[in-house]
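My request is simple: use the sequences and hints to build the entire structure.
Listed below are the residues making up each chain.
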Amino acid sequence: MINQKCAELFRKLRQQRPLLHHITNYVVMNDNANIALHIGASPVMAHAYDEITEMTAIASALVVNIGTLDRKWIKSMELAIRTANEHNIPVVLDPVGAGATSLRTDTALHFLTEYRIDVLKGNAGEISVLAGTGGQVKGVDSVSANDPVQAVKIAAGKFGVITAVTGKEDIVSDGQRTLVVKNGHEWLSTITGSGCNASTIVGAFVAVGDDKLEATACALAAYGLAAEKAAEQAQGPASFKVALFDQVYNLQPEDLINGVRIETLSQITH
Amino acid sequence: MINQKCAELFRKLRQQRPLLHHITNYVVMNDNANIALHIGASPVMAHAYDEITEMTAIASALVVNIGTLDRKWIKSMELAIRTANEHNIPVVLDPVGAGATSLRTDTALHFLTEYRIDVLKGNAGEISVLAGTGGQVKGVDSVSANDPVQAVKIAAGKFGVITAVTGKEDIVSDGQRTLVVKNGHEWLSTITGSGCNASTIVGAFVAVGDDKLEATACALAAYGLAAEKAAEQAQGPASFKVALFDQVYNLQPEDLINGVRIETLSQITH
Amino acid sequence: MINQKCAELFRKLRQQRPLLHHITNYVVMNDNANIALHIGASPVMAHAYDEITEMTAIASALVVNIGTLDRKWIKSMELAIRTANEHNIPVVLDPVGAGATSLRTDTALHFLTEYRIDVLKGNAGEISVLAGTGGQVKGVDSVSANDPVQAVKIAAGKFGVITAVTGKEDIVSDGQRTLVVKNGHEWLSTITGSGCNASTIVGAFVAVGDDKLEATACALAAYGLAAEKAAEQAQGPASFKVALFDQVYNLQPEDLINGVRIETLSQITH
Numbered sequence: 001m002i003n004q005k006c007a008e009l010f011r012k013l014r015q016q017r018p019l020l021h022h023i024t025n026y027v028v029m030n031d032n033a034n035i036a037l038h039i040g041a042s043p044v045m046a047h048a049y050d051e052i053t054e055m056t057a058i059a060s061a062l063v064v065n066i067g068t069l070d071r072k073w074i075k076s077m078e079l080a081i082r083t084a085n086e087h088n089i090p091v092v093l094d095p096v097g098a099g100a101t102s103l104r105t106d107t108a109l110h111f112l113t114e115y116r117i118d119v120l121k122g123n124a125g126e127i128s129v130l131a132g133t134g135g136q137v138k139g140v141d142s143v144s145a146n147d148p149v150q151a152v153k154i155a156a157g158k159f160g161v162i163t164a165v166t167g168k169e170d171i172v173s174d175g176q177r178t179l180v181v182k183n184g185h186e187w188l189s190t191i192t193g194s195g196c197n198a199s200t201i202v203g204a205f206v207a208v209g210d211d212k213l214e215a216t217a218c219a220l221a222a223y224g225l226a227a228e229k230a231a232e233q234a235q236g237p238a239s240f241k242v243a244l245f246d247q248v249y250n251l252q253p254e255d256l257i258n259g260v261r262i263e264t265l266s267q268i269t270h
Numbered sequence: 001m002i003n004q005k006c007a008e009l010f011r012k013l014r015q016q017r018p019l020l021h022h023i024t025n026y027v028v029m030n031d032n033a034n035i036a037l038h039i040g041a042s043p044v045m046a047h048a049y050d051e052i053t054e055m056t057a058i059a060s061a062l063v064v065n066i067g068t069l070d071r072k073w074i075k076s077m078e079l080a081i082r083t084a085n086e087h088n089i090p091v092v093l094d095p096v097g098a099g100a101t102s103l104r105t106d107t108a109l110h111f112l113t114e115y116r117i118d119v120l121k122g123n124a125g126e127i128s129v130l131a132g133t134g135g136q137v138k139g140v141d142s143v144s145a146n147d148p149v150q151a152v153k154i155a156a157g158k159f160g161v162i163t164a165v166t167g168k169e170d171i172v173s174d175g176q177r178t179l180v181v182k183n184g185h186e187w188l189s190t191i192t193g194s195g196c197n198a199s200t201i202v203g204a205f206v207a208v209g210d211d212k213l214e215a216t217a218c219a220l221a222a223y224g225l226a227a228e229k230a231a232e233q234a235q236g237p238a239s240f241k242v243a244l245f246d247q248v249y250n251l252q253p254e255d256l257i258n259g260v261r262i263e264t265l266s267q268i269t270h
Numbered sequence: 001m002i003n004q005k006c007a008e009l010f011r012k013l014r015q016q017r018p019l020l021h022h023i024t025n026y027v028v029m030n031d032n033a034n035i036a037l038h039i040g041a042s043p044v045m046a047h048a049y050d051e052i053t054e055m056t057a058i059a060s061a062l063v064v065n066i067g068t069l070d071r072k073w074i075k076s077m078e079l080a081i082r083t084a085n086e087h088n089i090p091v092v093l094d095p096v097g098a099g100a101t102s103l104r105t106d107t108a109l110h111f112l113t114e115y116r117i118d119v120l121k122g123n124a125g126e127i128s129v130l131a132g133t134g135g136q137v138k139g140v141d142s143v144s145a146n147d148p149v150q151a152v153k154i155a156a157g158k159f160g161v162i163t164a165v166t167g168k169e170d171i172v173s174d175g176q177r178t179l180v181v182k183n184g185h186e187w188l189s190t191i192t193g194s195g196c197n198a199s200t201i202v203g204a205f206v207a208v209g210d211d212k213l214e215a216t217a218c219a220l221a222a223y224g225l226a227a228e229k230a231a232e233q234a235q236g237p238a239s240f241k242v243a244l245f246d247q248v249y250n251l252q253p254e255d256l257i258n259g260v261r262i263e264t265l266s267q268i269t270h
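Chains as they are written, first to last, in the numbering used here: chain A, 1 to 270; chain B, 1 to 270; chain C, 1 to 270.
One thing to keep in mind: the hints can contain errors.
[What the hints assert, rightly or not] Heads up, simulated DSSO-like pairs for lysine-lysine below, C-alpha to C-alpha not over 30 Å straight-line:
| no. | chain 1 | residue 1 | chain 2 | residue 2 |
| --- | --- | --- | --- | --- |
| 1 | C | K5 | C | K158 |
| 2 | A | K168 | B | K12 |
| 3 | A | K138 | A | K182 |
| 4 | B | K168 | B | K212 |
| 5 | C | K138 | C | K158 |
| 6 | C | K138 | A | K72 |
| 7 | B | K229 | C | K229 |
| 8 | A | K212 | C | K158 |
| 9 | A | K229 | B | K229 |
| 10 | B | K5 | A | K138 |
| 11 | A | K75 | C | K138 |
| 12 | C | K138 | B | K138 |
| 13 | B | K5 | B | K138 |
| 14 | B | K75 | B | K212 |
Hint data in this document are derived by calculation from the structure and do not stem from the laboratory.
What follows is the structure, encoded as structure tokens:
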């Protein structure tokens with residue numbers, strides 16, 4: 001059962017405390033670092049071209065998030081991805097705002113086509129734009145996407161990468177097998193960076209898991225489960241955020257055994 | 001009555017969910033993004049020269065905050081302001097630290113004299129320095145200002161821009177008409193970025209309001225009202241901040257009808 | 001007694017409200033600004049080469065933190081340190097990640113050997129690497145250090161700088177006299193930037209204290225004392241953080257008289 005696997009993966013994560021090299025956006029750096037710590041990883045944020053190869057080489061996973069990119073950072077991101085590829089370090093790409101500007105779309109596509117990305121995780125609009133199935137992105141918000149499940153499958157096939165769309169339900173696919181994560185809470189949509197935090201947690205799980213499709217789904221389920229618990233304490237988005245971070249920290253491997261709600265797509269009517 | 005207008009404007013804001021393009025400082029990026037979400041807008045942070053024209057063009061308002069500027073960012077800010085001017089998108093300028101260094105003062109003056117800025121919002125020291133009425137700024141704190149009301153009026157007339165000074169009372173003027181916002185709470189002075197958050201909320205209101213003087217006053221009143229409610233839950237500045245962000249989210253248009261305290265200057269003895 | 005001195009120093013800090021110029025990392029900028037405000041200082045974050053000399057010259061202390069450095073920021077840091085040296089403004093250096101990459105190690109060593117640094121504060125791994133006593137750093141975490149007390153003393157002697165290692169107990173030494181700060185709480189290790197915040201508070205205390213060894217120990221004790229109080233309210237790391245920031249603000253000089261636990265090394269068995 002996947003719930004058992006999620007729990008074991010989470011236990012492994014807490015034991016190994018993998019180093020996550022982030023090149024992420026300015027908005028969420030503090031949040032990403034904290035959520036990495038709370039889930040059980042060791043975060044490092046480093047973007048200087050001169051230290052990328054050294055830093056990425058010792059990491060257990062690389063998380064690249066293009067939320068506030070510019071030409072200089074793109075170069076560093078590219079070097080980090082190349083370094084990760086050379087050392088067989090898993091790479092998670094969060095294409096924040098792809099579809100909103102050509103710089104973001106082109107950068108995400110460049111990384112996806114020229115390098116090995118292990119997990120691509122975005123919102124429905126971003127993934128639809130990258131898949132070419134016709135979504136729309138305004139700023140960093142998904143405005144429309146024809147069919148998220150279709151977009152995820154197409155992107156996964158097109159780029160040969162495990163692809164995840166987060167939303168009311170999260171869809172994760174490698175092009176063949178598609179999982180739906182039913183954990184989560186609508187409060188997540190009221191705070192900035194909740195998708196970015198999901199990418200960090202995915203990075204932590206794929207750092208320790210061989211089956212990266214399941215590791216991605218487990219990560220999203222764990223984060224969603226923490227959100228469900230946090231929602232009980234929320235009086236608004238900021239107190240929800242405090243509770244969410246507390247709950248990610250307080251989450252135990254055993255909680256995943258009963259709490260995770262992951263289904264494979266064939267079980268679901270769409 | 002302005003209270004009714006504020007409530008209607010707020011209702012419109014929550015319905016339209018305007019996209020706010022921010023080029024803001026590193027310190028408050030996360031806070032500005034969250035407060036934008038909570039008040040009902042959609043925030044995007046983007047500073048790369050290569051994507052500015054695309055990003056600003058789709059925004060409903062542009063918020064420029066010079067709190068951690070450098071030459072590269074100034075170029076992007078300038079391009080964003082020019083783009084906003086071309087598309088008739090309102091621009092809010094927060095001249096953080098103007099008066100403390102010539103780079104900041106010169107940059108703010110350059111934007112104010114070469115482009116159309118819709119709202120200039122700062123502390124008493126910053127606005128006095130820009131107005132040339134002799135204020136003093138140390139770091140990013142206002143140290144002295146001879147007469148904030150006078151400074152606001154002079155800046156508004158000199159630059160042809162709606163000018164707001166935040167402080168114990170907020171003063172907003174277009175040079176002719178001057179409004180005093182009596183909402184707010186002293187806890188706001190204990191957290192970093194509370195003025196920057198005010199600028200974000202002003203951006204959200206001017207994005208949907210034609211009368212930008214009233215929209216600015218309504219925005220500051222709404223923020224101040226949320227602060228008043230939050231103060232009841234504060235055990236210190238950090239719990240105040242959590243409560244403030246919750247209250248901004250929980251604020252309803254109807255709350256403004258009774259809660260807003262805006263007066264026109266003639267009613268007030270100075 | 002040092003407790004009395006700490007209390008007097010804290011009283012002076014709250015009265016003088018020293019301006020702290022920070023060139024710090026992106027991850028903790030917001031936290032550092034807030035903790036500076038809460039302890040009683042006035043923070044300013046500025047990194048533009050063009051404004052460094054003006055900004056540093058009016059500051060009461062300079063805090064340099066290399067947590068997310070790059071070549072451009074290093075130049076600004078160097079100019080700020082040089083300016084501080086020229087104006088006899090105390091400098092606190094936090095060598096985040098020294099030992100993890102040569103860029104970080106070299107930058108920290110360059111600052112320490114070419115300029116006057118007043119206080120060097122890091123974790124055991126970072127200080128051991130800089131002292132040359134054989135520590136190990138992975139990302140920004142201390143992985144191993146042979147003997148922190150030895151490393152602190154050697155670094156202090158080698159660079160002629162007051163050196164502090166934070167950890168379960170904090171060790172502060174000028175090479176001759178060594179103090180051990182026993183305040184603190186393990187919750188501090190669960191949030192990002194808690195060492196960086198300590199550096200900010202050290203900056204605030206050395207800004208107003210002539211005996212920089214004692215000022216450093218008092219700063220770390222005050223921060224640790226606030227952490228002890230905050231721990232009582234924590235339900236996880238995020239609620240601990242909110243409580244910590246509240247407690248730093250609520251801390252009164254009198255609290256230090258009974259609360260500070262600083263010992264000189266000779267009193268302690270190792």
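Taking the hints in turn, this is what the structure says about them:
For the hint pairing K5 (chain C) with K158 (chain C), the CA-to-CA distance comes to about 28 Å; that is within 30 Å, so the pair holds. A distance of roughly 26 Å separates the Cα atoms of K168 (chain A) and K12 (chain B); the hinted pair therefore holds under the 30 Å criterion. For the hint pairing K138 (chain A) with K182 (chain A), the CA-to-CA distance comes to about 26 Å; that is within 30 Å, so the pair holds. About 22 Å separates the Cα atoms of K168 (chain B) and K212 (chain B), which keeps this hinted pair within 30 Å; it holds.
For the hint linking K138 (chain C) to K158 (chain C), the alpha-carbon distance of about 24 Å falls within 30 Å, and the restraint holds. For the hint pairing K138 (chain C) with K72 (chain A), the CA-to-CA distance comes to about 25 Å; that is within 30 Å, so the pair holds. In summary, the hint linking K229 (chain B) to K229 (chain C) is supported, as the alpha carbons are separated by about 26 Å, within the 30 Å threshold. At roughly 48 Å between alpha-carbon atoms, K212 (chain A) and K158 (chain C) are farther apart than 30 Å, so this suggested pair is violated.
About 26 Å separates the Cα atoms of K229 (chain A) and K229 (chain B), which keeps this hinted pair within 30 Å; it holds. A hinted pair counts as satisfied when its Cα atoms are at most 30 Å apart, and K5 (chain B) with K138 (chain A) qualifies at roughly 28 Å. Our distance criterion of 30 Å between C-alpha atoms is met by K75 (chain A) and K138 (chain C), whose separation comes to about 23 Å. About 39 Å separates the Cα atoms of K138 (chain C) and K138 (chain B), which puts this hinted pair outside 30 Å; it is violated.
The hinted pair formed by K5 (chain B) and K138 (chain B) fails the criterion: a straight-line CA distance of about 37 Å is larger than 30 Å. This hinted pair checks out: K75 (chain B) and K212 (chain B) have alpha carbons roughly 26 Å apart, not beyond 30 Å.
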